[in-house]
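S.K.: Chains as they are written, first to last, in the numbering used here: chain A, 1 to 263; chain B, 1001 to 1254; chain C, 2001 to 2669.
For the record, the hints were derived by calculation from the structure and aren't laboratory data.
Do not rely on the hints blindly, as some may be mistaken.
Stated by the list, open to error - Heads up, simulated DSS-like pairs for lysine-lysine below, C-alpha to C-alpha not over 25 Å straight-line:
#1 Lys2302(C) with Lys2312(C)
#2 Lys2516(C) with Lys1015(B)
#3 Lys2021(C) with Lys2009(C)
#4 Lys1053(B) with Lys2521(C)
#5 Lys2588(C) with Lys1053(B)
#6 Lys2021(C) with Lys1053(B)
#7 Lys1109(B) with Lys100(A)
#8 Lys2005(C) with Lys1151(B)
#9 Lys2521(C) with Lys1015(B)
#10 Lys2557(C) with Lys2216(C)
#11 Lys1096(B) with Lys100(A)
#12 Lys2021(C) with Lys1151(B)
#13 Lys1109(B) with Lys6(A)
#14 Lys169(A) with Lys62(A)
#15 Lys2216(C) with Lys2005(C)
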Amino acid sequence: MNWFTKMFSSSIGQKLIVALTGLFLCTFLVVHAMGNLALFKSDNGMSFNLYTVFMTTNPFIKVVSYLLYASVIFHAFKGLHLIYKNRQARPVQYGMVNGKANSHWTSRSMGVLGTIMLVFIVVHMSNFWFEYKFGYIPYVQYTENISTGEVSGMPYVDEAGNPKQIKKKMEEFVIGDNKITIVKDLYAEVAEEFENPLLVGLYVFAMFAVAFHLFHGFKSGFQTLGLNHPRYNQAIQFIGTWVFAIILPALFAAMPLYFFLVK
Amino acid sequence: MSGDMNVTLKVWRQKNNNDRGRFETYPVQGVSPDMSFLEMFDILNERLITEGKEPVAFDHDCREGICGMCSMFINGRPHGPLQGVTTCQLHMRSFKNNDTIVVEPWRAKAFPVVKDLAVNRSAFDRVMSSGGFISINTGNAQDANSTPIGKDDADMAFAAATCIGCGACVAACKNASAMLFVSAKVSQFALLPQGQPERKQRVLNMVAQMDAEGFGSCTNTGACEAECPKGISISNIARMNRDFIGTQLSMQKV
Amino acid sequence: MTSSKLDAKIPDGTLEQKWTKYRSTVPLVNPANKRSLEVIIVGSGLAGASAAASLAELGYKVKVFCFQDSPRRAHSIAAQGGINAAKNYQNDGDSTYRLFYDTIKGGDYRAREGNVYRLAEVSANIIDQCVAQGVPFAREYGGMLDNRSFGGTQVKRTFYAAGQTGQQLLLGAYSALQRQIGLGQVEMFTRHEMLDIVNIDGKCRGIIARDLVSGKLERHFGHAVLLCSGGYGNVFYLSTNAMGSNVTAAWKAHKKGAFFGNPCFTQIHPTCIPVSGDHQSKLTLMSESLRNDGRIWVPMRKEDAAAIRSGKLNPNDLKEDDRDYFLERRYPAFGNLVPRDVASRAAKERCDAGFGVNQTGEAVYLDFAFNTKYKYGKKEATKRSIANPTEAQLKELGQVVVKEQYGNLFNMYQQITGVNPYENPMMIYPAVHYTMGGLWVDYNLMTTVPGLYALGEANFSDHGANRLGASALMQGLADGYFVVPYTVGNYLSKEISVKPIDTNHEAFVAAENETKSRLEKLMNIKGTKSVDYFHKRLGKIMWNECGMARSTAGLTKAISDIQALRAAFWNDVRVPGDINEFNPELEKAGRVADFLELGELMCKDALDRNESCGGHFREEYQTEEGEALRDDQNYNYVAAWEQLTNGDWELHKEVLNYENIKIAQRSYK
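If we strip away everything but chain A, and leave its shape as in the complex, we get (with noise of 0.2 Å):
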């Protein structure tokens, strides 16, 4: 072996790829979450489906992309791999435990959270990844005044209101004084999905995952790179907690619950 196999088949290697990954996952779901406020913009969903279009098709955002369907795959493998790992260092178990005493429950049951993640990651992208990707989403047509800046929206179809179709992910011209834009709408996907109160209750549950997740996971991923300074560790837990597993998972929490309840 060199010393690169090595390093990454040692215990704390193995432990470097989880953090790694975890963290780098961490920053996706700061990208995505502000992305996606878009969803609350009261415009037709044009904001987010431009945002969603950026996002398929800017050539940087795909490499990042690429890294981070790595990174899910990579996190969860090695986690469930290291857990499988880990119970086989304690062959006998203890008639009894009291693990409350000495740790906090996030912390012994990541796993846990993290399948329940991984279910809800596999459901999310099907739902919209998939779909975008290779379903069928229906166009809407954006008409923007370009003086008075008002935009309507409605679907791009013919005259006998079937749906029509462009080659691309979206086309824009201009007609006189209006600017038109034809895009995948996802936002009437996305609004048309979340009407399903057991995904939008899914999609809750799996929200408080997140957050117990994340609340151990963001400082545990420092701690495991070796960033732990008395001076610094109040920071990152403060920001683990505020960021990572209360305001991020709140945010998301909020989108479907949006739909459900006030559109």
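On the provided structure of chain A, position chains B and C as indicated by the hints.
M.R.: Just chains B and C now, kept in the frame of chain A:
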């Protein structure tokens, strides 16, 4: 008998490493609150012997909390309900009359049971042999005051060095990880100028041996730190991680 | 006259030259020959671990045995206060000679000049060696090593690591040992107990050891055998020793020809946590270092003592004038830091006179309130520029310092007694702590059996009739790191042509059979009483008659009581379990059987020594002020006892020659 407390013990009995083992229940009467937990076991054993039964085997030696030999998993926690205290320093005043107390050995693949509550912790010794030292032969040393060491560094090294090698960290950890034990030794030497020449090789060797012994990996639950009778900090684990990763990325030797 | 059977082999020359000359002229073993010489070491404490590491570094093949599950558990680990060394870092007048002088005087002039001077000489090297190993001694802000004072000295020469010095030193030696194990130079046998030595043609050639897990007996050959098995304080049942500490290794050697030196010299440590009840299994020491800042007192009036005992009076409320700081009163020059034997006797005297402060009447106070406030509190207040600090402020500021210095000891005290020592004075009482006696050794640390050595507390060596605080760690490490690596070479240089002896040799077979039949005998008694039952009774006899005060009548009675108890033991002890398994009761039984023989010899030795010296206090021999009254005319010798084949003992005397120190009555006034 000197006391009026009664307790019921649920104790793990296992004849040897090939035996499967099981819990057995023993009432113990006449316990004094001033008794240590092990003295309460002495009473039980005394009774079992006179009744012609086998006494419970358990490890213990100094009975003043420093040798690290005592090792009971009491009511779901290593060394029992108090923090910063070994089993031998736990006293019966920490329990109530008529309590039922569950007592088990440390459980880990790397700590096979010898008998009843006694386990084999030689894995720790082998980890130490792999690098837990400074290679200085007797007679080589320079004057003790020739290298000043700042008080803060010296104090931190001392704090790491107070580990008694009892294995409570492994016992407490849901993964049976030995990271706290190993990192305490790695840290002690990493913090001192004497430890620098072998710093890189030391962390690599000790981690490799730790892995080979079959301990689990660290998931940063912090249970080890909370249960360590000497209060060893998990900041030592971070230091070891840092040293390990840094060494892997920077070592000249391929 | 010194017995013809005893030759201390002290080198010629002046005191200062003896060791230097010895080292420079001692025969050597060349590196190639070292590889084929095997050394067995029994015990892995400071002496054993340091000797094992040092000999392995030299190239010898070493085997180490310990009964614990790891060499790191040896009871050296429990030493708290510190280790002496004549470094004179404090510029307060220390020197090799002064350490030598203090040690001889502290031992009440019953130790060998040559050995003690060597000890003082190498003390400085020990500190260097330990620091190089990464032992984190306490330091000052400038980065230099800190020192504290200990009993019986007027300089600050004690190096320490909080209240865990023994732990840190042992872990240093242990790490050096583990390094050699990793390199394959040392083969380690944990959970193994030595149960006999094997002599062939008048030389010690190996041991019989029992694997405590499987119960199997094993034979091991060695060109030389080093016993580093510690002291025998557990003959008193209650002591500050670890539960497993025992005399078995030394005793088996004694029965096979090694003379036992000064067996009655035991140290009763003044500051231990008092006994709380019959259930007590061991006593816990509160480090002597506490006497740096703790003041020892009892009430001046008996009424107050009675009121305190009955709980009607809080000691904190007793006025200064009503307190008797009896050590400061009796020994103004050394105050609370008189040697241990002196402090212990003074505490016993007060308690016997009715001034004891706990329910049993067997405790005195060790009070930190004064120094917390007026020594440390004031200093801290000055540092922080607090002009007129209140009492409460002084206490608070001082407690931080006290916590830093003694925190672990205070916690331990609170854990055991349930009383907070920051708020209330500690209660302490003397307890058995250390045994100055042990196997008789010459200057080479070799016993009267050629090839068999004894190191550390297991030998009788350097502490005379009383050991000064912080000297045990010094002696253990001196023997292991710096003495035996030279002296064992002296012997082994003549053994290079001796091939390893097959362990099927008849002497090995005979020794194993003897051991086996003894174990079977213990198992087969199947009596009605546990081992502890007999051990506790032995302890009571020893403590009452051979403890802090001894008398002809008491010792005579003790001897017959012990003989009767021994007979009862071999008739009625019950050892449960099986011989071929992990059986702690069987281990204990073997050890107590040996204690039951040793106890008798101790009483015999105490009875024979018609004087008081150091820890040996015969009530018949005291000054009018109650101080020990030595008899240098008749008892200026080491008592080395030889066991005869009929089980009785013969006394051999090694007369002590003081060529450099003028022998005088010890005074700490």
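S.K.: Each hint needs a verdict: does it hold in this structure or not?
M.R.: Hints versus structure:
no.	hint	verdict
1	Lys2302(C) with Lys2312(C)	holds, 14 Å
2	Lys2516(C) with Lys1015(B)	holds, 23 Å
3	Lys2021(C) with Lys2009(C)	holds, 13 Å
4	Lys1053(B) with Lys2521(C)	holds, 19 Å
5	Lys2588(C) with Lys1053(B)	holds, 17 Å
6	Lys2021(C) with Lys1053(B)	violated, 61 Å
7	Lys1109(B) with Lys100(A)	holds, 23 Å
8	Lys2005(C) with Lys1151(B)	violated, 53 Å
9	Lys2521(C) with Lys1015(B)	holds, 23 Å
10	Lys2557(C) with Lys2216(C)	violated, 40 Å
11	Lys1096(B) with Lys100(A)	holds, 21 Å
12	Lys2021(C) with Lys1151(B)	violated, 40 Å
13	Lys1109(B) with Lys6(A)	holds, 23 Å
14	Lys169(A) with Lys62(A)	holds, 15 Å
15	Lys2216(C) with Lys2005(C)	violated, 37 Å
Hint violations for this structure: numbers 6, 8, 10, 12 and 15, all remaining hints satisfied.
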